[in-house]
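Peer 1: Residue 1513 in this note's numbering sits at position 415 of the sequence shown; the count goes up by one each step and never skips.
If you are wondering where the hints come from, they were derived from the structure by calculation, not from laboratory data. Careful: at least some of the hints might be erroneous.
[What the hints assert, rightly or not] List time: in silico DSS-like cross-link candidates among lysine-lysine, alpha-carbon distance up to 30 Å:
| id | residue 1 | residue 2 |
| --- | --- | --- |
| 1 | K1479 | K1518 |
| 2 | K1479 | K1312 |
| 3 | K1518 | K1294 |
| 4 | K1312 | K1294 |
[As the list claims (entries may be wrong)] Label pairs and their computed distance ranges (CB to CB):
| id | residue 1 | residue 2 | range |
| --- | --- | --- | --- |
| 5 | D1199 | R1516 | 47 to 57 Å |
| 6 | V1256 | A1332 | 19 to 29 Å |
| 7 | H1278 | A1442 | 17 to 27 Å |
Glycine is no exception: its CB is placed at the ideal position from the N, C-alpha and C atoms.
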Amino acid sequence: MKSPEASAGLSDGAGIAAVAAATANAYSDTDALDRYLVDGLRPAIAVCPSTAEELAAVLRAAATADLAVVLQGGRTAIGLGAPPTRYDVALDTSALGAVIDHVPDDFTITVQSGMRFAALQTFLADHGQFVPLDVPFPDQATVGGSVAAARSGPRRGVFGGPRDWLIGCGVVLSHGATVHGGGRVVKNVSGYDLCKLFSGSLGTLGCIVEATFKLRPLPAADATLIIPAADLDAAIDLGRQIALGVNGLQSIIALDPVSAHDLGLDEAGVVLRAAGVEGAVSSTLQLAGAVAQAGSAIQPEPTAPDFWQRLTDREGTSPRGNAVLVRCAAPPDSLRSATAALRAATDQTCLWAYADAGLLFGQLAAPTSALLPAMVATARKGIEALGGSLVVEHAPVTEKCAMDVWGPAGDGITIMRRIKREFDPNATLSPGRFVGGI
């Protein structure tokens, strides 16, 4: 890989000119390109098409010239994935921000992929509806980027991820052809669900240009309860007890003292969220408190109105200094052992867990940045021994190049590579960023 702030690809001048000619919004000055750095790599040109047709023309020109394209929107998840092996064109989808179709009675909406996620939720709120996904930094994050990165948030245990709410999509492939999957009604014809293929693919198979979601009605009540705990292990035990004994909760989050303090809380504990009919919400939280049999007084909901958004944002926050952000998946009953595996790698941790979903997040720090790759390897070994997995979400660029951010690809890598060759045979889109160097 080339050094930071250098282009990773060999840019053909004629090819770059052809890409620039495909859209009215093309930028090649240094200041503009610096805004599109990916893992320290600078593209030769950045484009921001204003229509899906322009975007398709850009990809056709790039493919013809064998230029590598990295797709991006709000860039809130741009740190996810391995550094690209080539990077010539930054393709910014954020100008594609329109609502295409909304059928409130059918609880469906179709929007362009560059629409900010917060703008989508604001539009739907006026109709008493929402997409039940929690996205870090929704004022910047785009719909397409959130789908491509498979963002879901603290309510994942109940609502799942984007693939569970995406019922249709339009995608431009690397050679400029547009394909459509699913539809704009909840009940579609049977067949292979193409939408699920693109959700979580990190822009390596095609560029999502429109997405159709099924919706839910906004709840009449949305309440939070905090139950203090001695430490993270006690919070996880408490969270698992509540998860097994109480139905109707949307989030069960265990916080260690550091993560609790960062969120404005005084001590470690379990944070519970219930939403729905007001009477049901109240009784659900009362039951959770009774099941917990907490030794200290239960706190009411946080005073800060943006508490849950700040908690969600932690999934996309890059740690400062010599630290990485990791996301671990493990059997829910093994969450305590998973925290032990992370602590065995370093004693400098900030941890929080989704006790109902089997997810553990951690900001792990080392005395020096040079020790980060070995620290990650040790942590991953411990997590994998539990039947789980560890993904590095954010890491300093130099150290990131020396570590495997995804971990073992497993038996599915052969099929994944065949799919990549079918959809993007010349490795035009985000080459090297996904699992197994795809």
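Peer 1: Indicate, hint by hint, whether the structure satisfies it.
Peer 2: Against the structure, the hints come out as follows:
no.: 1; hint: K1479 with K1518; verdict: 28 Å, holds
no.: 2; hint: K1479 with K1312; verdict: 39 Å, violated
no.: 3; hint: K1518 with K1294; verdict: 15 Å, holds
no.: 4; hint: K1312 with K1294; verdict: 14 Å, holds
no.: 5; hint: D1199 with R1516: 47 to 57 Å; verdict: 34 Å, violated
no.: 6; hint: V1256 with A1332: 19 to 29 Å; verdict: 24 Å, holds
no.: 7; hint: H1278 with A1442: 17 to 27 Å; verdict: 48 Å, violated
This entry does not satisfy hints 2, 5 and 7, going by the numbered hints stated previously.
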